[in-house]
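Start from the sequences and build out the full structure, keeping to the hints where you can.
2 protein chains.
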Amino acid sequence: MFHSVTMCVRYTPDPVVSIQSQAGAMLEHMPFLAAYWPYVVTFLAALFVPGLWRKNDSKGEKNDAPKQYQTPDQAAEIKEEEDWMDYQNTLTSALPEDLQHIPFAYKRPSENEMLKRSQEYYEMVNGRRTIRFFSPDPVPIDVIKNIIKAAATSPSGAHTEPWTYVVVQDPDVKAKVRQIIEDEEEINYKKRMGQQWTTDLKPLRTNWIKEYLTDAPYLVLVFKQMFSLKEDNTKKIHYYNEISVAISYGIFLTAVQNAGLVGLTSTPLNCGPALRNLLERPPSEKLMLLCPVGFPAKDATVPDLERKRLEDVMVLF
Amino acid sequence: MFHSVTMCVRYTPDPVVSIQSQAGAMLEHMPFLAAYWPYVVTFLAALFVPGLWRKNDSKGEKNDAPKQYQTPDQAAEIKEEEDWMDYQNTLTSALPEDLQHIPFAYKRPSENEMLKRSQEYYEMVNGRRTIRFFSPDPVPIDVIKNIIKAAATSPSGAHTEPWTYVVVQDPDVKAKVRQIIEDEEEINYKKRMGQQWTTDLKPLRTNWIKEYLTDAPYLVLVFKQMFSLKEDNTKKIHYYNEISVAISYGIFLTAVQNAGLVGLTSTPLNCGPALRNLLERPPSEKLMLLCPVGFPAKDATVPDLERKRLEDVMVLF
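Top line first, the protein sequences correspond to chains U and Y.
The opening position of the first sequence corresponds to residue 1 in the UniProt record's numbering, with each subsequent residue numbered one higher.
The opening position of the second sequence corresponds to residue 1 in the UniProt record's numbering, with each subsequent residue numbered one higher.
Just so you know, the hints here were simulated from the structure itself, not pulled from any lab data.
Among the clues, some could well be false.
When chains are identical, the list treats them as one kind, so a pair holds in a single copy or across two.
Pairs of lysine-lysine, BS3-like flavour, derived with a Cα cap of 30 Å [to be verified]:
#1 K230 to K308
#2 K298 to K176
#3 K298 to K235
#4 K298 to K210
#5 K145 to K107
#6 K145 to K116
#7 K230 to K286
#8 K202 to K174
#9 K107 to K202
#10 K191 to K235
#11 K235 to K190
Structural data, given as structure tokens:
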């Protein structure tokens, strides 16, 4: 430590003397600087060192914020843009260069047909409720497969299809999933959420005991793939992967409802890494959502909630 | 500039002299430090200044990373947990304390019915394609209303329903939206994306000219609400708002498809603040997605893409 400081000081005298002789005339007219300028120079030089170091450290991460004032929106937009830049630096197209464009096969419905279909669809999805009480009765796996095939038709950023649907039907694995989640949820409820939040949750009658995780015939765990490996073993970043997976999950959930089954949308708090390890998913994937799927228990209840009206969610220009 | 430097130096002599007298004996045994210690002390003192400033700057933002090694997953989990803490600190329950729980009305379908429904639903959503060529033919607004009513049945974090669907049918407003997007997209394509990315996009035949933004009878702009105001004018944070809105959009897009219409899922890059201002949405909302809705043009084409197979997206335990 002392040795390296000594080395550093050993090399300073020559440039200091040289600057002194050149600045001599100027300093004669500034008595305080003439007396203390070596401190000032050393101070200013040292001020720059951490700045340079930070600049090097963030090289390639592009997180130096522009100097002008930004609203949160603008900052987020800039972050988005930077993500695009990263994307560009690592992407080689997954699509063939001679990708053919073909006519879109389409049959236009009548106005009446559109009105009827859109009304029926609304009524179907409006019947969906989040259910916390499941029957253990089995459901054919082919129904689940059709549901996940439907979810996998979702659009995604640059057609990267960044979703993995892990379906758990094995009772032992379901028990392990439940153990991981209940352990974390007990800490969430007792320590992390605090009095206020657990009081707020009381109307929904939730707690850290999750019987549905072993009752339901299937647990569907939805992972987002942050990136995948290209053939040359370099990273292919899956841009907009979180939005893409959530859109896919919306189609999944509607497929569950359409099949006559029920689900429970959840985002297991603090359980991602443990569940990822249990289900042997790679580090490039992150758990986003968990949904038990099956029949409701015979005595299932739901909170008597209302939804916002159309005029509260739609604005027309 | 010179004046403030002078002021700074004016106050240093006393402590310097004091340190010198106390450290005299020690320095006698270290000749280099004895000669140059004022530079070393000034240098080390200056090194600390930017560090202290950074620490104060980030106070309250909770972005001091814990010291032990974290995987990206674990870091994200901790961020999630902190968001929960923020949530807890600002939330007063939007739900009545005496919220009633009522029996869930349900009729169980037969196995054959589930298989048939899930197969038909898969075939319906599998017909969806992202369309870039729209007909200007009008679509009844009641169809759009049914579609958005369907989207608004989506689940959301703590039933906050954090979505605003802005529907633009006015030709002047559509033209303004197009202008904002094309201006940004031209910069995106010419400067921000670079040669690599524009080459990669070539197979999809996209560019910054977006005729569909004025051709389509409706533009649907989907905003996420980061928070809303409670009756006492305090913030009610909408947790998981981005995931919730994307799930809702998945239901929206399926409703578009089910009605016999087509759409184009997009995330306008760098246009959020300008479009939010144009459409008079509050700063608590952020543009997430934009989807033109209508009939396809008669000569619409689509790239000849394939989707991943079920075995590539589903894992069974």
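Quick rundown of the hints versus the structure:
1. K230 to K308: Only across copies: K230 and K308 sit 15 Å apart there, 45 Å inside one copy, limit 30 Å.
2. K298 to K176: within (26 Å within a copy, 54 Å between copies)
3. K298 to K235: For K298 and K235, the Cα distance exceeds 30 Å both inside one copy (49 Å) and across copies (39 Å).
4. K298 to K210: within (17 Å within a copy, 52 Å between copies)
5. K145 to K107: both (28 Å within a copy, 22 Å between copies)
6. K145 to K116: both (29 Å within a copy, 12 Å between copies)
7. K230 to K286: within (19 Å within a copy, 33 Å between copies)
8. K202 to K174: within (26 Å within a copy, 46 Å between copies)
9. K107 to K202: Intra 50 Å, inter 29 Å, cutoff 30 Å: inter-copy only.
10. K191 to K235: between (39 Å within a copy, 23 Å between copies)
11. K235 to K190: The answer is between: 25 Å across copies meets 30 Å, while 41 Å in one copy does not.
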